[in-house]
Amino acid sequence: MCQLKLQRVHIKLIILNKKPCGYKVLRNVLTFSAVIVFTAWSSAAAQPVIYDEFKNLHNWAQLYFPKVKRHSRYTIVRDGRDGFALQAESDRAASALVMKKSFNPEEYPTVSWRWKVAGVIPGADGRKKSGDDYPLRIYIIFDKPKKKPGFFSSLGRRAAELVYGRLPYSSLNYVWGNLEDFPREIRSPYTDGAGIIVLRRGNKETNHWMEEKVNLAEDYGRIFKEELPLEARIAIMTDSDNTGSKTKAWLDWITVFNEGEVKR
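Each residue of the sequence shown is one higher than the last, beginning at 229 in the working numbering.
Possibly wrong hints are sitting among the right ones.
To be verified - The calculated lysine-lysine pairs, modelled on DSSO-like cross-linking and capped at a C-alpha distance of 27 Å, are:
no., residue 1, residue 2
1, LYS283, LYS476
2, LYS357, LYS432
3, LYS453, LYS357
4, LYS295, LYS357
5, LYS372, LYS441
What the hints assert, rightly or not - The following label-pair restraints were derived from C-beta to C-beta distances:
no., residue 1, residue 2, range
6, LYS283, LYS453, 15 to 23 Å
7, SER358, ASP420, 16 to 24 Å
8, THR434, ARG309, 28 to 36 Å
If you're looking for bench data, these hints aren't it; they were derived computationally from the structure. All C-beta atoms, glycine included, are put in the ideal place defined by N, C-alpha and C.
Take these sequences, add in the hints, and give me the full structure.
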């Protein structure tokens, strides 16, 4: 579907009104635990800037897209390492969750999470708008760039904002790809401002909990060839509206931290 349908301009997610406890988002153009057991990294773990193990959804705001009548369903279920997990379901639907708290990605460039999908979406191919659906996406939405966009980039952005409202500057979208031969990295079919990174693909590892850890500075620099913006926010999305299918996935926990501090 969109990249975050939240990013149908990648995040098919457009932040129109940036208020502390929630945003209005437009679908179409952003194409929008502590028990995390840091044993893999260190016993003297530093406090992460963000850590959510999904015992509730108090830290998240629902994002609905005006042109999408059917919404994805996000609920807390009994599952996961600590007994709770976020369950994300879509039946020909699309909507997202966005975390209310932002963070500085330069100071905290490492994001880690544990996810599971029931299966990939048949016929979905994120290289095409008609196939832009994924069982689960972890979005990192960036704002406050260090340098101003070029003239033509700014012109196109302003034109889009006349229709859709203020857009996030850029986004990285970590997804579970539907095709075994899907490229590891692509740009959103809706906008070059959204990079899509495929961490898992196909059905081989479905129905198993898998842990991921990514470095935002490395990924952002490689894809966009520039420094990280000064502000970032997490969003989560499952969608299947473009393919008219059903999908289900789970997220056990997600955390943002400085790995250097953890290692010390």
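Check your understanding: Can you name, in rising order, the numbers of the hints this structure does not satisfy?
Key -> 6 and 8
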